[in-house]
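K.L.:
Residue numbers (my numbering), protein chains in the order written: chain A, -10 to 423; chain V, 266 to 457.
None of these hints come from the bench; they were simulated from the model.
In this text, a Cβ means the ideal position worked out from N, Cα and C, and glycines have one as well.
Careful, some of the hints might be misleading.
Claimed, not checked - What the simulated footprint calls covered on chain A by chain V, stretch by stretch (three residues with Cβ under 8 Å from a Cβ of chain V suffice, anywhere in the stretch; the number is not a length):
(1) 91 to 103
(2) 110 to 117
(3) 197 to 207
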Amino acid sequence: MTAEHPRSDDRTAGPEQHAPARRGGVSRRDLLGASAVGLSGVTVGVVAGRASATEPGPAPAPAPEQESAVVPFHGARQAGITTVPQDHLTLVALDLSEGVDRGALVRMMRILTDDISRLTAGEPALTDTEPELALSPAHLTVTVGVGPGFFDAADLADRRPAWLRPLPAFTVDELEDRWSGGDVVLQICADDPITTAHAARILSREVRTFASVRWTQRGFRRREQAPEQAAEVGGGSVRNLMGQVDGTRNLVMPGDDALVWIGAQSQEWFGPAPAWAVDGSAMVVRRIRMELDTWDEVDRPARESTIGRRLDNGAPLTGEQEHDEPDLTAVTELGFPVIETFAHIRRARSDDGRQRFLRRPYNFDEAPEPGRTSNSGLVFITFQTDVDAQFLPIQRRLDELDLLNQWTTPIGSAVFAVLPGCTPRSYLGASLLA
Amino acid sequence: MRTTHARSTTPALAAALTGLLALAACGTTEEDSPAGSVSTDGEAQVSITDPWVKAADEGMTAAFGTITNPGEEDVVVTAADTGVSTMMELHEMATGDSGEMVMTEKEGGIVVPAGGQAELNPGGDHLMLMDLTEPLEPGQDISITLTMEDGSRFSFDAPVRSFDGAEEEYMGDMEDMDDMEMDDSGTETDAP
Ligand code: HEM
Ligand SMILES: [Cu+2]
């Protein structure tokens, strides 16, 4: 598997995706040429692209300026993880239907792979009934992961990574079934909400004989900084709906690759992973409600103390600029720590540099329940190589003590194994199912 | 876009196609490949782009795709076969007796113009699998062979997909039409 998946230069290293210098580096022609063979079961695979006079295709090609809005789908690793976060998220969890076995899962993954490869390139899906909606790729990525139930259905329990199970219960949790679990996840991200809506609709429709939608979580974010700057800090900071600058201290790609992508280094650190999972990742999804109605009672200094950072620019309370290193030892004249003992950023840190993960969260904002004025929070998504070793220790620390807990409540939880990427001749999940 | 070209019928063509495959394997684009100009002795070669078949448990279903004819003479598809249906027909949409669109057998076959294409779409011309011998499940591939007016043949594999459209009523001239529903979801079949 790994052998037929050579690392390619165009894999989804985040900082590269939006950098102007890279625009046009991946031509649409390359993508089409690469994707023309194999996936649809074509046996006599002579490659033909679309743009020639002798082989005009049935669908119009995207306008030239949209070519730069294509994030390559094929590669050793899936896009949508270290890709600079797009503005819109539709996160779909699927439940596998009764009787879906390994053979059916192969068929399902081939369908998903084919449709995703087309949609991310700005082409209609094979049976697209609204082909015009596919023509704005808007940096569309669809990242596919599988939950614990996938391994039972495939009768491959021995290939399930040890960390792939529901997170343990935490005292802060008020989990609801309707936001938790799932056998398959599709993380659909794009800069245009029409694009995410169309992709979500097509993909869930195309696999409807295999799986049904368990839950859908929509989210949005907007880059606080210029994209160029944002790229340098692994996606950059955004405002969340508590008004905070969120994302300041995050993993930085490519330097922190080994904390996100399962490989030799991660296995050296955290122990062996199943062979199929190399170049995959581990995904945690927590739906966290913000108690904005009680947050309203908190004045600005107390809000800043809760996190340990300023609200205006996200600088640590011991510094001036967002990226100043927090001084956790600094004390006030009265001898109290400037950054409080139970401030979120102090509690979310560990002396062990391996207890880190990539945060790729989106805001959610839904219709308030009767009697409330808000229904907001984070679709808090993290990527790591080992949930138990990297994520859980921090989540436990926060569960024990974190000032922020008073105004945040986890209401959904799910863990998925992100599949490795695939080549044009293969399909997502081949290393697991083959 | 996924395109299948004709299998070779002559040694010269075989050599040409082998060359193409080698090029394709290197990831070249069709700009570099002479796919559009392959022909031998005036015998036109066709290719099909994005073929697919509508999933069905039994009865009738349809296949679609875009057939391209790079040659200098028109090609006429006169028949189609597959291992999963006792019979296949070439269909077109026509206006029925009461003004509604119905599908009927396409007289004279499907013409793929020289240097042009024939598009097979839900709601338009299509290949009809008249009586499935086994369920067609989404994600599986089935093989279909087209026969041209001149007797040459062209085979390709088409993936099966779930699809709710292509529910047209059939106006054929067969007696046992009641057995031939598009799928098990209760397609209306309009007996003449
Ligand atoms: C609604 C819930 C949450 C909100 C509003 C929130 C907000 C923030 C903010 C404003 C920061 C400071 C800026 C930054 O470095 O990004 C931060 C940092 C951080 N948060 Fe959260 N957070 C939430 C939940 C969580 C959870 C559940 C975890 C982990 C299980 C977590 C882990 C972290 C980490 C690791 C940092 C960086 C700490 C550092 O190294 O300085 N957060 N969060
Ligand atoms: Cu028909």
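K.L.:
Decide, hint by hint, whether the structure agrees.
P.N.:
Hint-by-hint comparison with the structure:
1. 91 to 103: holds (count 7)
2. 110 to 117: holds (count 3)
3. 197 to 207: The restraint on the stretch 197 to 207 of chain A holds, since 3 of its residues have a Cβ under 8 Å from chain V and three suffice.
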